[in-house]
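**Student:** What follows is the residue order along each chain.
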Amino acid sequence: MTPAAIHIVDDDPDIRDGLTWLFDSRGYQAASWASGPDFLQAVGDPGLRWGNAVVVMDIRMEPLSGLATFEKLRALQCPWPVLFLTGHGDVSMAVSAVKNGAWDFLEKPFQDNQLVDRVEQALVAARAQVQLDEQTRQLKAALQSLSLREHEVLAELLQGHYNKNIADHLGITQRTVEFHRANIFDKLGVSSAVELAHRLGRLQASGNG
Amino acid sequence: MDFALLQQQGLPHPSLRSRRTLWLLLGLLLLVVASVVALVLYLQRFEQTEEERRRVADGQWLEHSTRFHFSRLEEDLLAQARQAVAAPPASAAAAPWQGGQLWSEPGAVLWHGWHPVGLRRPSEDLPPEWQQRIAAHPANADMLASTGDIAVGLRRPAYGGPMLLADGRPGDVVWLAVPFFERGEYLGVYVAALALDTCVQGLVPTWLRQQHTVRLVSDGGGAVPFAGDAAPYLAPMNLPGTDLFIEMTALSSHPALVPRLFLLVAILFLLGMLGALWALRRDMGKRQRVQAMLQTEVALRAAMENSVNVGLLARSDQGLILYANEAFGRIAGCDATRLAGCQAPLPDWPAELTPAHPAATAAAPPSEVEAVFRHADGQNIDVLIHQAPLTSATGQQLGWISSVLDISERKRSQRLAALQQHRLEASGRLVAMGEVASTLAHELNQPLGALSSFANGLLNRLHSHSITLPEAQPVVERMARLAERAGSIIQRVNAFARRRELSRQVLDATAFVAQVTASYQDTPGVCVSSPDGSAPLWVLADRLLLEHVVANLAGNALDWAGRGTTGTPQVHMGVSMDVERQEVVIHVADNGPGVPDDQREHIFNAFFSTKDGGMGMGLAICRSIVEAHHGRIELGRDPELGGARFAVCLPRHTPTTTP
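Just so you know, the sequences run in chain order C and S. Residue numbering for the first sequence follows the numbering used here, starting at 540 and increasing by one per position. Residue numbering for the second sequence follows the numbering used here, starting at 64 and increasing by one per position.
Okay, chain C solo, but in the shape it has when bound:
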């Protein structure tokens, strides 16, 4: 986890400093960046592991606008939620940004503590996301550890066949099927076929890895 949990990107130094001071007063450590490229350069370090953080970004910036910065961030597969700050007349831009996956936007002038609250929510959400990602990662690893026969049995199981039928289909004894089944449950860390289906269903829903 990076030390800065909040990244502030704004080309106006006053805003930057003010927000930093605000987050600092609420006990959050914030890092500020004067422009999109500066920020991208800092977080785009290949060695850096994505931690739990939130990006607060002005939507109108020079030379790289907030939206463009956001696109590049997405290209880097950054999981951080992005919160846009919009001026008068930029609301439609911000809405489209939200549709494209940004976390939220706040229109200036905003209640400063409301901003902090939203950032907190984003942090919680980001944390949950991180956990979910971890689970998914583990499940994927477990799936990869299954043997070929176990994959076959798993596919049959997911179709809801009984052990006897699976044995018939695969041309093995029922006892062997039970053995494989126990192995699969053990490897994926589930206790029943229902839980197994639930887990795998969630995995498929989250974009199939």
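Just so you know, these hints were derived from the structure itself, not from any lab. Each hint should be verified, as a subset may be incorrect.
Listing some non-contacts, in silico: residues in chain C with all C-beta distances to chain S over 12 Å [stated by the list, open to error]:
hint, residue
1, 566
2, 579
3, 616
4, 660
5, 674
6, 734
Simulated DEER-style distance windows between Cβ atoms [what the hints assert, rightly or not]:
hint, chain 1, residue 1, chain 2, residue 2, range
7, C, 614, S, 543, 41 to 51 Å
8, S, 470, C, 634, 33 to 43 Å
9, S, 553, C, 650, 19 to 29 Å
10, S, 703, C, 634, 45 to 55 Å
11, S, 490, C, 650, 33 to 43 Å
12, S, 618, C, 650, 30 to 40 Å
13, C, 650, S, 703, 47 to 57 Å
Glycine included, each C-beta is placed from N, C-alpha and C at the ideal position.
The hints should help you fit chain S onto chain C, whose structure is shown.
**Tutor:** Leaving out everything else, chain S in the frame of chain C:
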């Protein structure tokens, strides 16, 4: 005006009508001529017949008269014979005797004598002169003898002759023998020699002789009394024993002058009447044409009057309405036909229509007056009134004619347009205000947002008691600066919003620029040039505003001069004269990067700025000011320095008096 086209439709088949009339007239004329000819012919025939009849009557009368007179003569001779028998006279010729006309006619009875029975033949008893005359022709004696014989034989008077002359031609002497019987006994014959010519001349009365030549002819030789007009009438004398006729020849056929004259006069009258008829017809045609033309003109005028929207009102000097057309009636809201004869102006009419109004009585040609007219229904109508004097043919002014044009619609549309324009401008201003507000919001958001962040952060700290005073001081100072920044924005907006009235004065541009740029003189790289001639370049300008323009441009130039690639910042300013356009040009040039082409269009727009923290008001205000001075501001690239070059072109002022 040519009404031929209109008239052709106005007259119903004029050619057919006139042709029919022409035929009728022609027929009438023919009838008249025929009747005249017939009348003449009939008159001629009648006259001829009458003449003939009269001639015959005259002839017959003459015949009878002759017969009567000769019978009388015979009676006379018989009486002579009786006398002779009673007392045989010694001289028969000397006996006094009152006889008939022929007997008493001198020269008619040449000789007479009684020959009793037993005497010698009468021819032997004659005086010697008669003897000679009888002897002149051998036939004479026989004729005399046979006459006596016939008379005796037939026992009635008998004639013989005429006596032939020596050359054999018959003379005019005829013998008359009257036998005398007494109680059936022949006693003798009384013989007389008659000069027939004289007899006839004596018998013919004067009136007959005036018209006819009466001549004695012997033996008409098959005389045909009615042989022809000119043929003489032969009246037989009926003297037994002779073959003599009285020839009557009309002296000259005197036609009856009076009836002819009457006829002539009648024909003349008739001709005159025909001529008058013809003239009348021609006059009628002319009248009809004129009437048709008049009708056409009247129709045209009525159509014109009804078609125009301009109300026409004619009135006398005394204010009596002579005429008002329908359009006027519509404008006034009353029946136009009833207006005529009323006294003008009626109540509610604009004063401009009264004869006493100066606009109405102005001798000058048609004056235009706008007025408000009150319609009968109480509605006000804007009208445009033209007045012109109404003069008679003799040039005497009878009154005034006014044309009243209803311009309320025009006025309404004008008002509407003005309102529209006003609204448009208002909405334009609103849009501009919206833009200003939007820009202002953006400009103000930044410092205010930061200020808010600092303040909230500070508050958070204060709440948690995690701040010391020394820690708070720089934050508060920062907040103060931010508030100042926001304040400066408001100030700029105020400066723009405050519209100054121009207070123009005549300025010498050269001296003015030198004065304004005096503060920059010490800045390195700034060079102020002045024109060669020392003649002042006058412009009419608001000193303060123009100063703002020059200062703004100079400030811009100084800002950008340093950002160029050519090193040390350089700014050139100066005044020059554009002789061709008569403009004074103040230019400010720098060696900065210049204005990119894609921004040239927008650089003068309000709220467009490429400067950090710029509101984009500077150049917009500059342009407004220059345009308010009827000048213009031009942007170019300076050929010398390579950067932007702004030129303020102001119209040159030529003062009449040097200030």
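**Student:** If a hint holds in the structure, say so; if it doesn't, say that too.
**Tutor:** How the hints compare with the structure:
1. 566: The claim is violated: residue 566(C) sits with its nearest Cβ about 8 Å from chain S, within 12 Å.
2. 579: 23 Å, holds
3. 616: 31 Å, holds
4. 660: Non-interface label on residue 660(C) holds, nearest chain S Cβ at 18 Å vs cutoff 12 Å.
5. 674: 36 Å, holds
6. 734: Fine: 45 Å to the nearest Cβ keeps residue 734(C) off the interface.
7. 614(C) to 543(S): 41 to 51 Å: 42 Å, holds
8. 470(S) to 634(C): 33 to 43 Å: 55 Å, violated
9. 553(S) to 650(C): 19 to 29 Å: At roughly 23 Å between Cβ atoms, residue 650(C) and residue 553(S) fall inside 19 to 29 Å, so the hint holds.
10. 703(S) to 634(C): 45 to 55 Å: 51 Å, holds
11. 490(S) to 650(C): 33 to 43 Å: 34 Å, holds
12. 618(S) to 650(C): 30 to 40 Å: 39 Å, holds
13. 650(C) to 703(S): 47 to 57 Å: 56 Å, holds
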